[in-house]
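Take the sequence shown: its position 2, counted from the start at 1, is 2 in the numbering used here, and no numbers get skipped.
With a straight-line cut-off of 16 angstroms between C-alpha atoms, the simulated EDC-like cross-links for lysine to aspartate or glutamate are:
1) K72 to D22
2) K71 to D24
3) K165 to E9
4) K71 to D22
5) K165 to E290
6) K274 to D191
7) K72 to D24
8) K72 to E150
9) K182 to D230
10) K72 to D98
11) K227 to E179
12) K231 to E179
13) K71 to D98
Distance windows between CB atoms, simulated:
14) S270 to R17: 42 to 52 angstroms
15) R17 to Y282: 34 to 44 angstroms
16) A167 to E213: 24 to 34 angstroms
17) T39 to A188: 36 to 46 angstroms
18) A167 to K231: 28 to 38 angstroms
If you are wondering where the hints come from, they were derived from the structure by calculation, not from laboratory data.
No experiment lies behind these values; they were computed from the predicted model shown.
C-beta atoms are modelled at their ideal positions from N, C-alpha and C, and glycine is treated no differently.
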Amino acid sequence: MEMGKANLEIFAATLLRLAQVDRDILVVTSDSRGSGKLTPFARALPAQIVEIGIAEQNLVGVSAGLASAGKKVFAVSPACFLTARGLEQIKNDVAYSDNPVKVVGISAGVSYGALGTTHHSLHDLAALQAINNLDIVVPADNFETAAVIETAVSHSRPLYIRFGKAAMPHLHAPGAHFEIGKAISLSAGRDVTFIAIGETVARAVQASHLLAEQGIAAGVISMHTLKPLDKTAVLHAAQHTQAIITVEEHSVYGGLGSTVAALLLQNGVSLPFKIVGIPDEYTVTGSQNEILAHYGITGDGLAATAQNLLAAATVGHR
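All chains should be built: construct the whole structure from the sequences, respecting the hints.
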């Protein structure tokens, strides 16, 4: 796969391009213009960026106020702090008050690596999914990132967008279609389907290539929108494959996996199923790659999980 840039770089570049022709676009940050790749934005459009300082609750409250006045606001801060400290303001000032703020959590998952649990964001999807009137998007690559930012400017509902830090490979063919709430099928597989979100999609694609070498047809779905979930895509995959594996850089509780599991069960669908994510423990110390490798979120690890799941299903049917 051809490598692209970090999604954060695409986010910042896309936002700058759009803001240069739309003066209602504002960025509100909490001392995170550097980590958010927003320094060029601040230099080019100083009147369209508001620096709050390290005060995430104020960041969200101010953003909600600006949005209520008609501004198109992107509230940017590290996901771990933004969605924990600012949770009440996201719930009340943004979602409950129906202010269409684009809440942007950067350096999510285990992007901060060895900085550890205080800087990891493995709870944000679980916490925010339970808030009414809040859509959630986690782009996988540069294309999805640019597309969601272009869409978000005119999105009329409160929206949470989650980014990691790593450079990502290009996953989509030219002309691909992006729409909030509509998953993108990267490949179809009769044996197993990976339903992945965010930066884990590339790892699922790697696994599908490894499995193909062994004669196992593995499909990959980029479920870039967690809420509203594309239920049709999930149920279609369940009908056309023997097993489903969900993959996420998030706790196994309350994220993509548990959401897909609930959907399948409530629709009477039973098939071999596995949630791959971060277990309920304090993570090991290391870089993002080292941590994800420890939990089997690599091409090799996911391919092994698929083989084991299919083998167990075969034994169960004997």
